[in-house]
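K.L.:
Use the sequences and the hints to build the structure in full.
So the protein sequences, as listed, match chains A, B, C and D. Per this note's numbering, residue 128 is the first one in the first sequence, and the count goes up by one each step. Per this note's numbering, residue 6 is the first one in the second sequence, and the count goes up by one each step. Per this note's numbering, residue 66 is the first one in the third sequence, and the count goes up by one each step. Per this note's numbering, residue 2 is the first one in the fourth sequence, and the count goes up by one each step.
Any given hint could be a false lead.
[Unchecked claim] Simulated pairs of lysine to aspartate or glutamate, EDC-like, Cα-Cα distance not exceeding 16 Å:
| # | chain 1 | residue 1 | chain 2 | residue 2 |
| --- | --- | --- | --- | --- |
| 1 | D | Lys141 | D | Asp77 |
| 2 | B | Lys31 | A | Asp395 |
| 3 | C | Lys210 | B | Glu85 |
| 4 | D | Lys94 | B | Glu85 |
| 5 | D | Lys101 | D | Asp77 |
| 6 | D | Lys142 | C | Asp114 |
| 7 | D | Lys141 | C | Asp114 |
| 8 | D | Lys102 | D | Glu149 |
| 9 | D | Lys139 | C | Glu77 |
| 10 | A | Lys282 | A | Glu446 |
| 11 | D | Lys148 | D | Glu93 |
[Unchecked claim] A short list of chain B residues far from chain D (calculated; beta carbon distances all over 10 Å):
| # | residue |
| --- | --- |
| 12 | Ile8 |
| 13 | Lys31 |
| 14 | Thr94 |
| 15 | Ile108 |
These aren't lab readings, by the way, just hints derived from the structure by calculation. Note that CB positions come from ideal geometry on N, CA and C, so glycine has one too.
Given next are the chains, with one letter for each unit.
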Amino acid sequence: MVKKGIMTFQTTPSIASTGVTAGPLERKSPFNEQFDKVYEDERSDLTTNEQGHAKMIEDASMIALSKIDATPSDADYLLIGDLVNQMTPSNFCASSLQIPYLGMFAACATSVSSLLMGALLTESNLSTCALAGAGSQHNAIERQFRYPVEYGSQKPKTAQWTATAAGIAVVTPFKAGVPKITKGTVGRVIDLGTTDPLNMGAAMAPAAMDTLQRHLKGHRTKESDYDLIMTGDLGETGFTIFKELATRQELDISSNARDAGEEFYGKDPKFLAGASGAGCSSAVYFSYVYNEMMKGTYNKVLLIATGSLLSPLSYQQGETIPCIAHAVELTMK
Amino acid sequence: MSIFITAFIVGGLISVVGQLLFDVAKLTPAHTLCILVVTGSILDGIGWYEPLIDFAGAGATIPITSFGNSLTHGAMAEAEKHGFVGVLTGMFEVTSSGISAAILFGFIAAVIFKAKGKN
Amino acid sequence: MDDKKYATLEQEISPKPPLFQNIIRAFLTGGMICLVGQFIAVFYMTFFDFTERTASNPTVATMIFIAMLLTGFGQYRKIAQFGGAGAAVPITGFGNAVVSASIEHKSEGYVLGVGGNMFKLAGSVILFGVASAFAVALIKTILVKFGVVSW
Amino acid sequence: MNKKRIVLTYFYKKEGNAIRNVLLYVFILIVLSGCARLGEGVHIYNHSTADSKLAERIFEEDERLVSTNAIFHNDDLVAGMTVKTFSRFHKEKIEKELKKKLEESYPNLTVTVSADNKVVHKTSQIIQDKEEEQLDEKLKKIVSLLKEET
Chain A
128 MVKKGIMTFQ TTPSIASTGV TAGPLERKSP FNEQFDKVYE DERSDLTTNE
178 QGHAKMIEDA SMIALSKIDA TPSDADYLLI GDLVNQMTPS NFCASSLQIP
228 YLGMFAACAT SVSSLLMGAL LTESNLSTCA LAGAGSQHNA IERQFRYPVE
278 YGSQKPKTAQ WTATAAGIAV VTPFKAGVPK ITKGTVGRVI DLGTTDPLNM
328 GAAMAPAAMD TLQRHLKGHR TKESDYDLIM TGDLGETGFT IFKELATRQE
378 LDISSNARDA GEEFYGKDPK FLAGASGAGC SSAVYFSYVY NEMMKGTYNK
428 VLLIATGSLL SPLSYQQGET IPCIAHAVEL TMK
Chain B
6 MSIFITAFIV GGLISVVGQL LFDVAKLTPA HTLCILVVTG SILDGIGWYE
56 PLIDFAGAGA TIPITSFGNS LTHGAMAEAE KHGFVGVLTG MFEVTSSGIS
106 AAILFGFIAA VIFKAKGKN
Chain C
66 MDDKKYATLE QEISPKPPLF QNIIRAFLTG GMICLVGQFI AVFYMTFFDF
116 TERTASNPTV ATMIFIAMLL TGFGQYRKIA QFGGAGAAVP ITGFGNAVVS
166 ASIEHKSEGY VLGVGGNMFK LAGSVILFGV ASAFAVALIK TILVKFGVVS
216 W
Chain D
2 MNKKRIVLTY FYKKEGNAIR NVLLYVFILI VLSGCARLGE GVHIYNHSTA
52 DSKLAERIFE EDERLVSTNA IFHNDDLVAG MTVKTFSRFH KEKIEKELKK
102 KLEESYPNLT VTVSADNKVV HKTSQIIQDK EEEQLDEKLK KIVSLLKEET
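P.N.:
Here it is, written out as structure tokens:
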């Protein structure tokens, strides 16, 4: 049954293992303990930020594969993405891993869009081991979208800090004892005319709400069915708006909704509204959420990763910020 | 020694104007700085900026407005001597120590430093 | 939900910049930087052969040098987050814009990276400085020729 | 890895020291710039044949001045003056006015009047040290410094 982006996976592809790497600053994160590898150096001891970025994704992939005793030659597909121009870090990572590669781009929602793609390939019997995930590196992304890292500009409280992290999940056919991908919803691009690139949370919140509503309606489930509904990187401002929108739609998510970006740095005011970036949602989803599901804390989880599809060119030309959100439902059973 | 007090106050007030352009007029830093530079240039044209420098010293020479002022001042000094041709030649003669210093130190910094994502 | 309705909702929920606090901080930071500049100017006047007029050049250069060090050690960003326009408006902010862009683009090499991107942020200030200086000098020259004002 | 961290922490410590040092220098500057001056009022150092009384009156009568250091030497009259805070806006005007007055009173002398900090400082030094040798050269230097434009 596939209709208007509503997906149900009959064979329940499973996430056999995950690998998460993070930069040195991410030690401040309350999820720090859950990360598989934390670098001492933000460039992973390489010369440029972009090389460090590629290395981080590569290491995450290798860690994820090693957990199921596999090597890159056992993997069928590499479905990864990042935010740098033309996704070069992902491309270089794919070049060194030599796994058949499909570049994925949904900005910060790449973690879920790649997971959905991995599940589709597995569902249709085309893949037995697909790597899905995304990464971001603070310096490389800030320079891409905003100002040079050392440039002094006063950021408002709504601004978010791009996380240095990468998260990779290995999607395999049904496997007992690990989280399974049961449902998914592909988001629509929602653009409510916001133009402030330093308030991305507010731009993305309506997209997250649209996808949540469509997911609940399309799969005939209720918001209270989920142990956890986790949005990607709305940040403090965006998440507050998201909850307000939910109240207006008469959805009660006060007890089970959380936001990865808001919590990523432990609500440290130094990081303003929280974390953002493709690495933020994938790191939290594939470490904390995955581990908690393995422990049995959560059984049914809805992950809604949000992404703002802007470029420095588009907002300098005065365009609005179009946003997207993809949802994936995981169950432990 | 009152020059130190006036420098502090005038420098602070020019910064406050910048902050108002940031927060109230919602301008980007680049737009704000351009407006201030043009303002400095115009103030020099009507002859108000030099008295301000006399009054506040570094309070008027350190803000970016002085950049517009020094360029305009150079151009006008040449224009006073040579008329219309002076406006043009003046433009090529005047430089700001700010630009040369920024170029030189920017290059040195690029040799020495690396960008860090620390918070 | 339409654009306008959402815009009001967003305005309601998004935290406003604390205007009063920002102004105080900008005043203190901007004032402090100018005060340091004044000390440097007095230093040059006292120990070297500079008058009030001529001291401003070495003062500006020294301030940019300090801005370079602060930028390189990652401190200027913090000053700017605290002081806002107080750190952006003084010439040190201009220095910071140039230095930060240079450091950032070092990875593309000294010619294409540093040379090509140094004025990425500060270039507009130079453009408008030079253009407005030209316009103002031209207008003033015309006015003087017509006898409306004198030099 | 470890070594790198040690180097980094060293730099951070250095940074703290650097800031402290800057503050120290600033403090020294205040002390130095504060003490090398003559106090308020008119200070005249007459090293010529001219009568300085007239100049003294001109300076004393002008209410916008805080202090004046005037040096008469051969054919030169060099005066450095500190102007009241809010009169600094009209510094140039005051300089011109006084220069005109002095030139009228002393038609034989070359008059240089300036409210520039540097001139005040230099003239203070000369008067305090009661300098006689090389006075000519020193005065010429002051005048030439003032002529520099940028």
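K.L.:
Tell me, in ascending order, the numbers of any earlier hints that this structure violates.
P.N.:
2, 4, 8, 9, 10, 12
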